[in-house]
Structure formats: structure tokens, C-alpha cells
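Input sequences plus hints: build the corresponding full structure.
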Amino acid sequence: IGHRETYRTSGMKLRVRVHYTNIQPWWSWTGMGDVGYHYEVEVLPAQSVWRSLVLRRKEDMRAWVSADKIEAFAEHDRILIWADGIQIDAQVTGSVGHLDMRSLLILLAST
250 IGHRETYRTS GMKLRVRVHY TNIQPWWSWT GMGDVGYHYE VEVLPAQSVW
300 RSLVLRRKED MRAWVSADKI EAFAEHDRIL IWADGIQIDA QVTGSVGHLD
350 MRSLLILLAS T
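Numbering (my numbering), first residue to last: 250 to 360.
Heads up, some of the hints might be wrong.
To be verified - Think about it this way: if two alpha-carbon atoms lie no more than 16 Å apart in a straight line, the pair counts; the simulated EDC-like pairs of lysine to aspartate or glutamate are:
1. Lys-318 with Asp-333
2. Lys-307 with Glu-320
3. Lys-307 with Asp-326
4. Lys-262 with Asp-333
5. Lys-262 with Asp-326
6. Lys-262 with Glu-289
7. Lys-307 with Asp-317
8. Lys-262 with Glu-291
9. Lys-307 with Glu-291
To be verified - Here are the computed distance ranges between Cβ atoms for each label pair:
10. Thr-255 with Ser-315: 32 to 38 Å
11. Glu-289 with Thr-258: 25 to 31 Å
12. His-347 with His-287: 19 to 25 Å
13. Trp-299 with Arg-351: 29 to 35 Å
14. Gln-273 with Ser-301: 22 to 28 Å
15. Gln-273 with Arg-311: 49 to 55 Å
These are calculated hints, taken from the structure and not from any lab test.
Just so we're clear, the structure is a prediction, and the values are computed from it rather than from any experiment.
Backbone N, C-alpha and C fix where the C-beta goes; we use that ideal spot for every residue, glycine too.
And the structure:
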């Protein structure tokens with residue numbers, strides 16, 4: 250009654266948006282501030298998150314199956330894997346400003 254699976258078992262999708270900049274509102278023309286980061290994390294609805302793999306090389310199988318289980322595998326044997334888990338998508342955007350003497354001179358001349 251009321252049993253709930255973990256996200257790792259049932260699957261989950263996360264979207265992480267990262268925006269970076271060194272431009273400050275009061276010093277926007279210099280761009281000489283420290284780079285700052287703004288993060289947004291969003292949980293997306295998902296029925297399940299899974300991936301299927303077909304492994305043919307023994308080196309790849311070792312991550313999924315203990316070595317004693319694959320000793321008897323022949324050249325044409327394979328392992329099929331269905332893996333559930335958490336999917337994380339990242340979107341990174343931003344800008345880094347720099348000191349532009351031409352813009353500074355125009356700004357000073359116009360004031």
C-alpha cells in the first residue's frame with residue numbers, strides 16, 4: 250500500500266540550466282567582474298528513463314557482470330542490458346565581457 254519506487258528505479262529527468270556572466274549592471278561596459286553563475290534545475294515528467302545496450306566485448310561486460318560469469322563466453326556471445334536511471338540534460342549559456350576602449354571613449358564623450 251503506497252509503495253513508491255525510487256527515482257533510480259522508476260527513472261527521472263532533470264534539466265539543469267546554467268547561465269554565466271561577468272557583466273555587472275553598473276559596470277556593464279567594462280566586463281571586469283568575477284564570473285558568476287546562475288543555476289535553474291527543473292524536474293521533467295517521465296514515465297521511465299531507460300537505455301538498452303548490446304555488449305559484445307568482454308571489456309565492456311565487466312562493468313555489468315562479474316568476471317567469473319563471462320569466462321565461458323564465446324566470440325559471438327553478447328549481453329543485452331536494460332538500464333533504468335536518472336537522465337540529466339544540461340544547457341549552458343552565457344557571456345564574458347571585456348574592456349573595450351572604443352566603447353569607453355564614446356561613453357565618456359557623450360556625457
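Cross-check of the supplied hints:
Note on Lys-318 and Asp-333: the hinted pairing is violated, with a Cα-Cα distance of about 22 Å set against a maximum of 16 Å. Straight-line distance between C-alpha atoms of Lys-307 and Glu-320 comes to about 9 Å, which keeps the hinted pair within the 16 Å bound. The straight-line distance between the Cα atoms of Lys-307 and Asp-326 is roughly 10 Å, inside the 16 Å bound, and the hint therefore holds. Of the pairs offered as hints, the one joining Lys-262 and Asp-333 holds, with about 11 Å between alpha carbons and a cut-off of 16 Å not exceeded.
For the proposed pair Lys-262 and Asp-326, the alpha carbon gap of about 33 Å is over 16 Å, so the pair is violated. Our distance criterion of 16 Å between C-alpha atoms is met by Lys-262 and Glu-289, whose separation comes to about 14 Å. Proposed proximity of Lys-307 and Asp-317 is supported: the alpha carbons are some 11 Å apart, at most 16 Å. Of the supplied pair hints, the one linking Lys-262 and Glu-291 holds, its CA atoms being roughly 8 Å apart against a limit of 16 Å.
For a cut-off of 16 Å, the pair hint linking Lys-307 to Glu-291 is broken: about 38 Å separates their Cα positions. The given range of 32 to 38 Å is broken by Thr-255 and Ser-315, whose C-beta atoms sit roughly 24 Å from each other. Taking 25 to 31 Å as the suggested C-beta distance range, the pair Glu-289 and Thr-258 conforms, at roughly 26 Å. Range check, His-347 to His-287: about 20 Å between beta-carbon atoms, so the 19 to 25 Å window is met.
The supplied range of 29 to 35 Å is broken by Trp-299 and Arg-351, whose beta-carbon atoms lie about 55 Å from each other. The beta-carbon spacing between Gln-273 and Ser-301, approximately 48 Å, falls outside the hinted interval of 22 to 28 Å. Evaluation of the 49 to 55 Å hint for Gln-273 and Arg-311 yields a pass: the beta carbon distance comes to about 51 Å.
The structure is inconsistent with the numbered hints 1, 5, 9, 10, 13, 14, although it conforms to all the rest.
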